[in-house]
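**Q** The hints should help you fit chain B onto chain A, whose structure is shown.
Take a look at the letters that make up each chain.
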Amino acid sequence: MNNKLIVDISRSLLLARWKQTLVAAIGVTFSITMFISLLSFMSGLNDLLDGLIINRTAHIRLYNEIKPSTRQPLSLSEEYKNHYNFISKIKPKKERLEIYDHAAIMNYLKKDDRILGIAPKIMTQVFYNIGAIDLTGVINGVDVEAENKLFLFQNYVTEGNYLDLKNTPNSIILGKGLSEKMLANIGDVIQVTTSKGEQVSLKVVGYFQSGLQDIDNTQSYASISTTQKLLAESASYITDIQVKLKDINLAPALALEYQELFDLEALDIQTANAQFETGSTVRTIISYSVGITLLIVAGFGIYNILNMMIYEKMDSIAILKATGFSGKDVNRIFITIALSIGIFGGLLGLIFGFGLSALIDQVPFNTPSLPTITTYPVNYNPVFYGIGAIFSIVTTYMAGYFPSRKASKIDPVIIIRGK
Amino acid sequence: MNQTILEARKVTKYFHDPVTSQVLKEISFSVNRGDFVSVTGRSGCGKSTLLYILSTMDTDYEGEILIDGQQMKNKTEAELAKVRNEKIGFVFQFHYLLNEFSVLKNVMLPGLKMGKYSNDEIEHRAYEKLKILGIESEALKKPNQVSGGQKQRVAIARALINEPLIIMGDEPTGNLDKKNGEIVFDIFKELAEVYNQSLLIVTHDNEFANRTHRIIEMEDGKII
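Same order as they appear, the protein sequences are chains A and B.
Just so we're aligned, residue 1 is where the first sequence starts under the working numbering, counting upward by one.
Just so we're aligned, residue 1 is where the second sequence starts under the working numbering, counting upward by one.
Bound-form chain A, shown alone:
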């Protein structure tokens, strides 16, 4: 009963000053709209840029590395156990890059339910021969289907069919930059020299474009079996196991675990690409601070309007109090006014924010380095809408709090006697 009355009075006061109310609500609407579209756009962009790395990179990469052993034979000696041993000029041992018994490791990984999928890989240094000139580069021998499933390989193959890599023996997909240097068209045969000095002919079946110039200028893809032939290795030879996780945040911990378990090097994506996370974080902070600033400005607008309303309605407040409304009731009336501006404005803001995001989503955005993107990226994350809604209510409540308290403290005697 009382609540209904308070809402009723609030509504009447609001409607009596509907123009001002509208301005205040538009302020909130505008800020929420900008907040939503800014965050959606920024985070869409973040996802795109992160995706360049994250989609193409294993969350954990297992491999062998040539490096000096951390345990020297001396440390096994009983005699010198209690001594400090200093050994200088340690050299790494000649070690094969191959992962031993990879089939067993892969079987084990396939059973781990924290893992989304795994893809074996062979990385090898080669020279691309163009007439008399040799270009250094890297050939990635991949399991075409696994690579496509985990790292969206087909998105980066701009010309040709990625499946030809598997179906055509001795085939290669060249980086776009590389193909331009070599003037190699699809169907041409190119020569590469392996690190062991052998020269092999490979047929070009497509181009890929990752968006990262360095990669496009040096790397190319071949199937695992082609690469094994290239290196004159057996069918069990692979150098890398790429692991994609369900939760990328587990990568550092799991990398450590696998390193112990398999006695291999394990590199997690956070360590390998620290700068990307930093960039994303900074961009997110900027978007949030701009959005929140807008909301605070809108909050001041509401504060002003409520203050003015209270001065105008001094008489009404006085008589309400004289006829039995307590300070708390008056407070609630003005808080209700503030909140309805916030809720109404905020709701419209969410709708317009969605509209504006959808509009941005339609704007053409063509860039040669991002072949799969045709319009600006937008992330329609419901979390942003939640934050926007909560913030619109919180700021308007704060903006309404002080004027409402002032209104509740008005002494009716002073006003009534003053007339």
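You can trust all of the hints, since none of them are fake.
Distance condition first, Cα-Cα at most 25 Å in a straight line; then the derived DSS-like pairs of lysine-lysine:
1. K94/A to K67/A
2. K328/A to K116/B
3. K328/A to K406/A
4. K142/B to K4/A
5. K4/A to K141/B
Rather than coming from a laboratory, the hints here were simulated on the basis of the structure.
Given the structure is predicted, the values throughout are model-derived calculations rather than measurements.
**A** Below, chain B without anything else, positioned relative to chain A:
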């Protein structure tokens, strides 16, 4: 019938701004059911101050106030608001109607606040009060569409809606012309005599005061 509904015991009040001065000096009196009491005196003698203390709106005083036998000291702001809502009706010099609401809604507001009756019941009662005051035809107009005398009558209807123990008036005819002042006086008199309504009216209009049942004359913060 001679039940005491309002009692003041040694009410003393100081103003502290700009200098401390005593405006009320140990005022004691009581109002019984059905009394039509006027408080008169020169301007500045403290009669309005007394009224606001009696009305519970001013809580800065010494002495005791009893309304319906209840001590008003030490009540919280919300409790006092409830007392004003249920037991006291106000009529001021200025009507203080809310222009956002219709005449009818203005009358209904204190009733809705009390929340004792249903909406329809309160509306029905508001119509009855307006009928007593002869302005039921204006019920659906906005306050700024009715005349000054009618506004004051709406204010009286509003004071009556919760069937208060006492109606307090601060110069209720002060802003009205002779004819409308006469109408308001007649309404008060009718309320007192027909409906047995207690009234406590502050006025400096001696002609008005002389026709009430009892006159409390004040001078210099004291009753004489």
